[in-house]
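Using the sequences provided together with the hints, build the complete structure.
There are 2 protein chains.
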Amino acid sequence: MKALAAVALSLAAAAYAVPAAAQFEKAEDAIKYRQSALFVMGQHFGRIGAMANGKAPFDAKAAQENADIVAQLAKLPWAGFGPGTDKGRETRAKPEIWTEHAKFRELADNLGAETVKLAAAAKTGDLGKLKAAFGETAKSCKACHDNYRNK
Amino acid sequence: MKALAAVALSLAAAAYAVPAAAQFEKAEDAIKYRQSALFVMGQHFGRIGAMANGKAPFDAKAAQENADIVAQLAKLPWAGFGPGTDKGRETRAKPEIWTEHAKFRELADNLGAETVKLAAAAKTGDLGKLKAAFGETAKSCKACHDNYRNK
Numbered sequence: 178m179k180a181l182a183a184v185a186l187s188l189a190a191a192a193y194a195v196p197a198a199a200q201f202e203k204a205e206d207a208i209k210y211r212q213s214a215l216f217v218m219g220q221h222f223g224r225i226g227a228m229a230n231g232k233a234p235f236d237a238k239a240a241q242e243n244a245d246i247v248a249q250l251a252k253l254p255w256a257g258f259g260p261g262t263d264k265g266r267e268t269r270a271k272p273e274i275w276t277e278h279a280k281f282r283e284l285a286d287n288l289g290a291e292t293v294k295l296a297a298a299a300k301t302g303d304l305g306k307l308k309a310a311f312g313e314t315a316k317s318c319k320a321c322h323d324n325y326r327n328k
Numbered sequence: 178m179k180a181l182a183a184v185a186l187s188l189a190a191a192a193y194a195v196p197a198a199a200q201f202e203k204a205e206d207a208i209k210y211r212q213s214a215l216f217v218m219g220q221h222f223g224r225i226g227a228m229a230n231g232k233a234p235f236d237a238k239a240a241q242e243n244a245d246i247v248a249q250l251a252k253l254p255w256a257g258f259g260p261g262t263d264k265g266r267e268t269r270a271k272p273e274i275w276t277e278h279a280k281f282r283e284l285a286d287n288l289g290a291e292t293v294k295l296a297a298a299a300k301t302g303d304l305g306k307l308k309a310a311f312g313e314t315a316k317s318c319k320a321c322h323d324n325y326r327n328k
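The listed protein sequences correspond, in order, to chains D and Y.
Residues in the first sequence are numbered from 178 upward in steps of one, following the working numbering.
Residues in the second sequence are numbered from 178 upward in steps of one, following the working numbering.
Certain hints may be false.
No more than 25 Å apart at the CA atoms, straight line, and that leaves these computed lysine-lysine pairs for DSS-like [stated by the list, open to error]:
id : chain 1 : residue 1 : chain 2 : residue 2
1  : Y       : K316      : Y       : K271
2  : Y       : K300      : Y       : K238
3  : Y       : K319      : Y       : K280
4  : D       : K203      : Y       : K203
5  : Y       : K300      : D       : K319
6  : D       : K203      : Y       : K328
7  : Y       : K300      : D       : K232
8  : Y       : K280      : D       : K203
9  : Y       : K203      : D       : K328
10 : D       : K238      : Y       : K203
11 : Y       : K264      : Y       : K306
12 : D       : K203      : D       : K264
13 : D       : K203      : Y       : K271
14 : Y       : K306      : Y       : K316
15 : D       : K264      : D       : K328
Here are a few chain Y residues that sit away from chain D, every Cβ distance over 12 Å (derived from the structure) [unchecked claim]:
id : residue
16 : K209
17 : D245
18 : E313
19 : R326
Okay, the calculated bits of chain Y under chain D, using three or more residues with CB under 8 Å as the criterion [what the hints assert, rightly or not]:
id : segment
20 : 213-226
21 : 246-260
Calculated directly from the structure, the hints in this document are not laboratory data.
Beta carbons: idealized from backbone N, C-alpha and C, even for Gly.
The following block contains the structure:
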């Protein structure tokens, strides 16, 4: 658990290492960046979901590869939600993201921590553990979407 | 160099671990996936370029973080170029991608190898090495764009 916590901490630190405002030329790029990172992450997460839900055969190696990618990608999108990036390209991001920054960031950090656990679960090769970790990670996605994403 | 080669090999293996056709529900998703992965990679690569070209101050830690992300992301887009993904969403991908598969794949593998070297160069904290590796990686991007991307 200590190792996990350390990884989660380093992920969170990496995600916020550089001020968001300095990272993108324009708001449009920041929005496209976060949407792109979330889309790629969603594709890989969905493959784990298909295995967890019995819609695809369980392939321990593929699950591990996908979970590792998810854990890496989960660090990225948040830098794309910097000040002034509420507009500039079509987006479902709710304005509350920029007024409830601490809460939004907490949910982002939660996702980071859950994806680290997901990758650890995938590494065990145990489908039961993968299912449980997938469920917890999916809850973490949903918590943020329910609060901060328009339908 | 042996360690580098081993990493490059494992990256290439990971990139082709699962048949592309099985990975996406529809061609549109595959196209969006590869575009998204390339866009996110391009953003991080651009930050290294800004340092390499003197447009941003050299920050060794940021360079290393960005290069690590680039090396991870460079593995992903190629699965999105599977059979039948030449159409389905607006794309600049040329049809030759699907008729010159071996050549396209070689260029993709080259990029993977160059990004691994870029990450190793960034790790040294030496701006000169970073500049050289950035230049080689950029050439690798351009080789593929010149051959396989419409303007």
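Hint-by-hint comparison with the structure:
no.	hint	in the structure
1	K316(Y) / K271(Y)	19 Å, holds
2	K300(Y) / K238(Y)	8 Å, holds
3	K319(Y) / K280(Y)	14 Å, holds
4	K203(D) / K203(Y)	31 Å, violated
5	K300(Y) / K319(D)	37 Å, violated
6	K203(D) / K328(Y)	22 Å, holds
7	K300(Y) / K232(D)	42 Å, violated
8	K280(Y) / K203(D)	35 Å, violated
9	K203(Y) / K328(D)	22 Å, holds
10	K238(D) / K203(Y)	23 Å, holds
11	K264(Y) / K306(Y)	40 Å, violated
12	K203(D) / K264(D)	10 Å, holds
13	K203(D) / K271(Y)	29 Å, violated
14	K306(Y) / K316(Y)	16 Å, holds
15	K264(D) / K328(D)	17 Å, holds
16	K209	6 Å, violated
17	D245	9 Å, violated
18	E313	24 Å, holds
19	R326	17 Å, holds
20	213-226	holds (count 6)
21	246-260	holds (count 3)
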